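Please model the complete structure; the sequences and the hints are all you need to start from.
First to last, the protein sequences are chains A and B.
For the first sequence, the residue numbers in my numbering are 1 to 89.
For the second sequence, the residue numbers in my numbering are 1 to 410.
Rather than coming from a laboratory, the hints here were simulated on the basis of the structure.
Computed from a predicted model, the values in this text were never measured in an experiment.
Ideal Cβ positions, reconstructed from N, Cα and C, are used throughout, including at glycine.
Take the hints with a grain of salt, since some may be wrong.
[What the hints assert, rightly or not] Which residues of chain B face chain A? A partial, calculated answer using Cβ under 8 Å:
no.	residue
1	N18
2	F356
3	D358
4	M363
5	G367
6	F368
7	S382
8	E395
[Said to hold, decoys possible] In silico negatives: residues of chain A with every beta carbon more than 10 Å from chain B:
no.	residue
9	T3
10	V4
11	V8
12	T14
13	G16
14	E17
15	K26
16	L38
17	E53
18	Q57
19	A65
20	V74
21	G79
22	R81
23	I83
24	L89
[What the hints assert, rightly or not] Per the computed footprint, the stretches of chain A lying under chain B, defined by three or more beta-carbons under 8 Å from a beta-carbon of chain B, are:
no.	region
25	18–24
26	27–34
27	39–52
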Amino acid sequence: MATVEDYVARIEGTCGEEKDVIVIFKYNKKDEAIANILKKAKTQKSLSGIIFELTFQNVSFRVYASGKAIFRSVKDKEGLREILAALLL
Amino acid sequence: MDPYKIREDFPILKRKINNHYLIYFDNAATSQKPRQVIEAIKSFYENCNANIHRAVHTLSQEATEVYESAHEEVAKFINAKDIAEIVFVRGTTEAINLVAYAWGLRHLKRSDEVLISLMEHHSNIVPWELLSRINGFNIKYAKVKDDGTLDYEDLENKFSSKTKIACLSHVSNVSGVINDVKRIARAAHEHGALILVDGAQSVPHLPVDVKDLDVDFLAFSGHKMLGPTGIGVLYGKKEFLEKMEPFQGGGEMIKEVFFNKGTERCSIVWNDLPWKFEAGTPNICGGVGLMEAVKYLKKIGMESVAKHEVMLTEYAVKRMKECKKVTLYGPKDLSLKCGIIPFSLEGLSSHDIALFLDNYGIMIRSGFHCAQPLHQVFRLPSSARASFYIYNTREEIDQFVKVLKEIEHI
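Shown next as structure tokens:
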């Protein structure tokens, strides 16, 4: 059975008052991860297929074609994991 | 200097990231390495790897010679008197910690003051704050103006007979502002204080002459000046280094450890400078790489390096002003700064900007850049930062601005 770890290489907190969280997808799974996310999240805006502004369960985030996503206002890592599980699996 | 010719020496610049040729604008964090440095490291390990000092075999003598030559090369590069004033450390952070603990721990009393500024990198704040918790001295922070320049009046007013050391950066790692170190050194010495300069962002980019600046300590990192990571330098005036106790204890930094049967304790005689401050087996190969990096920069000439970066900065600022949603921070007078440009883009966090640029193979930094107090001055939650070096070109800036303009449409 697939897990979040199958798709995610690293989750990094950023420095800065925004407290954004960056999710870096595994290189060989990034296209699949992005496809799964795009199926489930609501696309607010996209630009040239490079950047997707999305919302899911009242959480706004952006996904980049390079295989990275930036989540805002995430309460904690556990909360983020739950969102990622719902989006990816 | 010809940046296009220089680029041929940097293998990494041929790399493509996300199907775009790499544009590396994160030089304030670390620089790329030329083939000459990479080859020197490889050659050392292939031909003369051995531990230095106190061995009679050929390899050790060769390794010792090359490691000591690295100290000599660095001494000449910053116009130090001799290698006794050049201590190899891990980087700027360790160099500042060395002064804090080897000098500050013994010399700073509860009634004393340390003077720093709000533009400092955390590595020039945290060691002093930590030490003040032990020794109880006070730390005064000189103000920074809204444009990122140092408030010299405030700084000079904060000097007093209590001030024992002033610790300031030569160039801000966020705004690129160049501080008038000679003026600060003069003020410090007039008050009987020492001056420590964080040269992490100046030594790689400007001609730096420690005698001319009259600084007592200068800290800088090899990896920001084409050298490898894990090697840096503390320059210290011999008269101060001689009086200081060692920072760390171990092999290499001692001449003798003699067990005295009468006292049942060991008597220790410190080694000569600079080895007194280099405990344990040092980063020998790091020193080799740093020496090659210094040779490379000397060949170009630091005046030429600085001139190239001024040209790039002026061009980048001019082009970035074409972007309607971009705000630039730092002084308007570009002669006051180096090739570091902090900026923000309306409606986007600095991390979004960095991630977007990354899609086009453009590497910049986002966040606080280890200088949170300066972001409080700028009233910024974080900032994006583009920083240049010898191998960057106007064409790269054109591409960078082109992508910034695309981001504005998000």
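Right, here's what the structure says about each hint:
The interface hint given for B/N18 is met, as the beta carbon of that residue sits about 5 Å from the closest beta carbon of chain A, less than 8 Å. For B/F356, the interface hint holds, the least distance from its beta-carbon to any beta-carbon of chain A being 6 Å, beneath 8 Å. At about 6 Å, the closest approach between the beta carbon of B/D358 and any beta carbon in chain A falls short of 8 Å, and the interface hint on this residue holds. Because the closest C-beta pair between B/M363 and chain A is about 12 Å apart, greater than 8 Å, the hint is violated.
Taking 8 Å as the C-beta contact cut-off toward chain A, the hint placing B/G367 at the interface holds, the least distance being around 4 Å. A least Cβ separation of about 5 Å between B/F368 and chain A falls short of the 8 Å threshold, and the interface hint therefore holds. Because the beta carbon of B/S382 sits about 3 Å from the nearest beta carbon in chain A, less than 8 Å, this interface hint is met. Because the beta carbon of B/E395 sits about 21 Å from the nearest beta carbon in chain A, more than 8 Å, this interface hint is broken.
Separation of A/T3 from chain B is adequate, the least Cβ-Cβ distance of about 25 Å exceeding the 10 Å criterion. With a least beta-carbon separation of about 20 Å from chain B, A/V4 lies farther than 10 Å from that chain, consistent with its non-interface assignment. For A/V8, the condition that its CB be more than 10 Å from all CB atoms of chain B holds, with the nearest at approximately 16 Å. A beta-carbon of chain B comes within 10 Å of the beta-carbon of A/T14; the shortest separation is about 5 Å.
At roughly 3 Å from the closest C-beta of chain B, the C-beta of A/G16 falls inside 10 Å, breaking its exclusion from the interface. Distance check on A/E17: its Cβ comes as close as 4 Å (rounded) to a Cβ of chain B, failing to clear the 10 Å threshold; non-interface status is violated. Every CB of chain B is more than 10 Å from the CB of A/K26 (nearest about 16 Å), matching its label as outside the interface. No beta-carbon of chain B comes within 10 Å of the beta-carbon of A/L38; the shortest separation is about 16 Å.
The claim that A/E53 is not at the interface with chain B is violated, since a C-beta of that chain comes within 10 Å of its own (minimum 7 Å). Every CB of chain B lies more than 10 Å from the CB of A/Q57, the least distance being 21 Å, so the non-interface label holds. A/A65, annotated as away from the interface, has a beta carbon of chain B within 10 Å; the closest lies near 6 Å. Every Cβ of chain B is farther than 10 Å from the Cβ of A/V74; the closest lies at roughly 13 Å, confirming the non-interface assignment.
Annotated as non-interface, A/G79 keeps its C-beta farther than 10 Å from every C-beta of chain B; the closest such distance is 19 Å. For A/R81, the shortest C-beta to C-beta distance to chain B comes to about 20 Å, beyond the 10 Å cut-off, and the non-interface label holds. The beta carbon of A/I83 sits about 18 Å from the closest Cβ of chain B, which is more than 10 Å, so the claim that it is off the interface holds. The Cβ of A/L89 lies farther than 10 Å from every Cβ of chain B, with a closest approach of about 24 Å, so its non-interface assignment holds.
Beta-carbon proximity to chain B at under 8 Å applies to 3 residues in the region 18–24 of chain A; the threshold of 3 is reached and the given coverage holds. Coverage of the region 27–34 of chain A by chain B is violated in this model, with 0 residues showing a Cβ closer than 8 Å to a Cβ of that chain against a need of three. With a cut-off of 8 Å between beta carbons, the region 39–52 of chain A has 5 residues touching chain B; three or more are needed, and the interface restraint holds.
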